[in-house]
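**Student:** Chains as they are written, first to last, in the numbering used here: chain A, 1 to 347; chain B, 1 to 347.
Please note that a few of the clues may not be correct.
Identical chains blur together in the list; that is why a pair holds if it fits in one copy or across any two.
Here are the computed lysine to any residue pairs in the SDA-like style, where the Cα-Cα straight-line distance is at most 25 Å [what the hints assert, rightly or not]:
| id | residue 1 | residue 2 |
| --- | --- | --- |
| 1 | Lys247 | Gly171 |
| 2 | Lys194 | Met39 |
| 3 | Lys164 | Ala225 |
| 4 | Lys100 | Ala37 |
| 5 | Lys147 | Arg22 |
| 6 | Lys147 | Ala26 |
| 7 | Lys247 | Ala258 |
| 8 | Lys164 | Phe41 |
| 9 | Lys147 | Leu272 |
| 10 | Lys247 | Ile312 |
| 11 | Lys247 | Ala336 |
| 12 | Lys100 | Met39 |
| 13 | Lys194 | Gly148 |
| 14 | Lys147 | Glu29 |
| 15 | Lys147 | Glu112 |
| 16 | Lys164 | Gly43 |
| 17 | Lys100 | Arg302 |
| 18 | Lys147 | Thr11 |
| 19 | Lys147 | Phe75 |
| 20 | Lys147 | Pro10 |
| 21 | Lys147 | Arg30 |
Treat the hints as calculated values from the structure; they're not laboratory data.
Number of protein chains: 2
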Amino acid sequence: MTATAIPGVPTRVTLKQGGGGRAMRALIERLFIREFAAMPFDGVGLAAMDDGAAIPFGDEFLVITTDSHVIHPIFFPGGDIGRISVSGTVNDLAMMGVTKLLGITCGVILEEGFPLEDLERIQRSLVDTCIEAGTVVVTGDTKVMGKGEIDGIVINTTGIGLAKRLVRDNGLRPGDRIIVTGTIGDHGLAVMAKRHELQLEGDLRSDVAPINSLIAAALEGAGDAITAMKDPTRGGLSSSLHEMAQKSQVGVILQESAVPLTDAVRSTGEILGIDPLHVANEGKAVIGVRAEHADRLLDILRSHPLGRDAAIIGTCIAERPGSIILDTGFGRRLLAEPEGEPLPRIC
Amino acid sequence: MTATAIPGVPTRVTLKQGGGGRAMRALIERLFIREFAAMPFDGVGLAAMDDGAAIPFGDEFLVITTDSHVIHPIFFPGGDIGRISVSGTVNDLAMMGVTKLLGITCGVILEEGFPLEDLERIQRSLVDTCIEAGTVVVTGDTKVMGKGEIDGIVINTTGIGLAKRLVRDNGLRPGDRIIVTGTIGDHGLAVMAKRHELQLEGDLRSDVAPINSLIAAALEGAGDAITAMKDPTRGGLSSSLHEMAQKSQVGVILQESAVPLTDAVRSTGEILGIDPLHVANEGKAVIGVRAEHADRLLDILRSHPLGRDAAIIGTCIAERPGSIILDTGFGRRLLAEPEGEPLPRIC
Chain A
1 MTATAIPGVP TRVTLKQGGG GRAMRALIER LFIREFAAMP FDGVGLAAMD
51 DGAAIPFGDE FLVITTDSHV IHPIFFPGGD IGRISVSGTV NDLAMMGVTK
101 LLGITCGVIL EEGFPLEDLE RIQRSLVDTC IEAGTVVVTG DTKVMGKGEI
151 DGIVINTTGI GLAKRLVRDN GLRPGDRIIV TGTIGDHGLA VMAKRHELQL
201 EGDLRSDVAP INSLIAAALE GAGDAITAMK DPTRGGLSSS LHEMAQKSQV
251 GVILQESAVP LTDAVRSTGE ILGIDPLHVA NEGKAVIGVR AEHADRLLDI
301 LRSHPLGRDA AIIGTCIAER PGSIILDTGF GRRLLAEPEG EPLPRIC
Chain B
1 MTATAIPGVP TRVTLKQGGG GRAMRALIER LFIREFAAMP FDGVGLAAMD
51 DGAAIPFGDE FLVITTDSHV IHPIFFPGGD IGRISVSGTV NDLAMMGVTK
101 LLGITCGVIL EEGFPLEDLE RIQRSLVDTC IEAGTVVVTG DTKVMGKGEI
151 DGIVINTTGI GLAKRLVRDN GLRPGDRIIV TGTIGDHGLA VMAKRHELQL
201 EGDLRSDVAP INSLIAAALE GAGDAITAMK DPTRGGLSSS LHEMAQKSQV
251 GVILQESAVP LTDAVRSTGE ILGIDPLHVA NEGKAVIGVR AEHADRLLDI
301 LRSHPLGRDA AIIGTCIAER PGSIILDTGF GRRLLAEPEG EPLPRIC
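Chain A with its partners taken away, still in its complex shape:
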């Protein structure tokens, strides 16, 4: 069998299709969603393309999420592949409204010759991050591939938990305020700077952290007012906002000056020519909230150590559904939806 090449239609997987943006969504929709979405499933399944799946369970929801972690380099300022593996999965569960973690699984694939010393360091980080998040690895799997068949180590984590009330990424309504729980762009730019061995002034560190305790506080204090949540990982804040706006059929006016950025992120973004709005975060959430409760939610977030820099950054509107309108202070323009993360293997 040979594939008939159609001019202009790629016949091979591209790096961009792994970047978490529009190109990846198109690939997944084409290949994975179409058929599985047609199969009977009583709950939030693959078709929703949310942060995870949810199955009604008594008067609660069983939530499941999975992520493979291929980050390069495996050790970077502020974290490592072990910390990101636990945090990424715990955060995806939190985004769906999980307040009780049942456990996570850990599937490790190693390259022959991988240093045991590094493996022990990663294992230590997995344990520490589980303790920090209040969860535990309940089952796992180990595979070894030959030299040159895989680059070092890859870790898949799947998490399960219970949500009393499900939070989706498609519930934004006109008038809602958009909150981010802290500074944006730290993870993506820290990893890029490390990869390019940039000598930078200031402290550029990944924000990678399990933020389930922060989200639990938000849900407990203002859960009824929260209309949508998503963690701005691959493709960054821009990709998440676009996805939330498209699914919710609202527009979003984003106040550029209100988006919290560290000086290190701002200057590194300028040096590398990369917009911090477009790169991955690993310890942040984007939250939609009813306008009249926005200040209260902000207070709750800011009183938590992981939410000190939380800020109201935008407002939902009925016009221009699916679009993000960037208000620069000098005028307004449409924010482009990223095709994908600027660099592969960011998480």
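Put chain B on the given structure of chain A with help from the hints.
**Tutor:** For chain B alone, kept in the frame of chain A given last:
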């Protein structure tokens, strides 16, 4: 930091440690079990090193299992990486007693340039095997790594399901009979023959299949009499029997002539110099059953299309706990416990 090398103690991961045998168990115990096992968890967790984890849930058990599939080649006689990804996870759940599947997750890692035609073929196989098993992919993740950073495609599947009564791999008691649900060695030898491009007579095909309907029939008809179950994947029947015997603290007398083998497996094993008892199966179960119910269970299994070749192959004894004693018909000898699967990337 440099690791201090201890003479005779490896400092790097070896292929053998991914082979599912003793070497792998030692690595996992050293690195993963020690600390996670000490963390609070109300259920069957990592320390049990069973086919999955189980969490008490009302009067049932929520069972979770995870596997990364790195098989090479990705298409082989009788199956492909898609079929094995669904079957492996569904079967691990069945081994723990799951009779209601809640869903599986699918994390795909692709190499840049991977042919979309192959991806579509794998996706088709994932869908078909899900339909066969009566489950659905509920959530997923897609990553792309650069050329040469991963060999083609790797798929992680995590499954969750409910068990009314948990079945473990450590419940064998002296007197119990050991049943296998069909012929042994088909998967491992089919993949090896394909890898070496052997031209063989006869039909050597992998047995890869979801056997949850077979196991459900066994549990419904003879559940109370079943004392242990395990699927003989990496390391084959020998590795599974050793693990079950060690955990249960019984010996097992294995009747060599009773182990079902196809002619193709027998002859290929001889050509390659590989004992079919030591290679992976992907559509079989090893079941421990109370002696007085063994024939009844055998009848149930044989009346199911996936259990036609089921056979009673051994008996548990109180003596020599942890050992497998091979009765060749001419005498008895200890069956060696494999260090690991003879070849890597078998599943």
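**Student:** Taking the hints in turn, state whether each one holds.
**Tutor:** Quick rundown of the hints versus the structure:
1. Lys247 x Gly171: Within one copy, since 8 Å is at most 25 Å while 50 Å is not.
2. Lys194 x Met39: Neither: 44 Å inside a copy, 34 Å across copies.
3. Lys164 x Ala225: Cα proximity of Lys164 and Ala225: one copy only (15 Å, versus 39 Å across).
4. Lys100 x Ala37: Classified as between; 20 Å across copies, 27 Å inside a copy.
5. Lys147 x Arg22: between (33 Å within a copy, 22 Å between copies)
6. Lys147 x Ala26: between (33 Å within a copy, 21 Å between copies)
7. Lys247 x Ala258: within (24 Å within a copy, 59 Å between copies)
8. Lys164 x Phe41: Classified as both: same-chain Cα gap 20 Å, cross-chain 21 Å, threshold 25 Å.
9. Lys147 x Leu272: Intra 33 Å, inter 24 Å, cutoff 25 Å: inter-copy only.
10. Lys247 x Ile312: within (21 Å within a copy, 56 Å between copies)
11. Lys247 x Ala336: Cα proximity of Lys247 and Ala336: one copy only (17 Å, versus 58 Å across).
12. Lys100 x Met39: Answer is between; shortest inter-copy Cα gap is 16 Å, intra-copy 28 Å.
13. Lys194 x Gly148: both (23 Å within a copy, 21 Å between copies)
14. Lys147 x Glu29: between (33 Å within a copy, 24 Å between copies)
15. Lys147 x Glu112: both (5 Å within a copy, 18 Å between copies)
16. Lys164 x Gly43: both (14 Å within a copy, 22 Å between copies)
17. Lys100 x Arg302: Intra 22 Å, inter 43 Å, cutoff 25 Å: intra-copy only.
18. Lys147 x Thr11: Result: close only across copies, 15 Å inter versus 28 Å intra.
19. Lys147 x Phe75: both (20 Å within a copy, 21 Å between copies)
20. Lys147 x Pro10: between (30 Å within a copy, 16 Å between copies)
21. Lys147 x Arg30: between (33 Å within a copy, 23 Å between copies)
Against the hints set out earlier in the document, a violation occurs for number 2 only.
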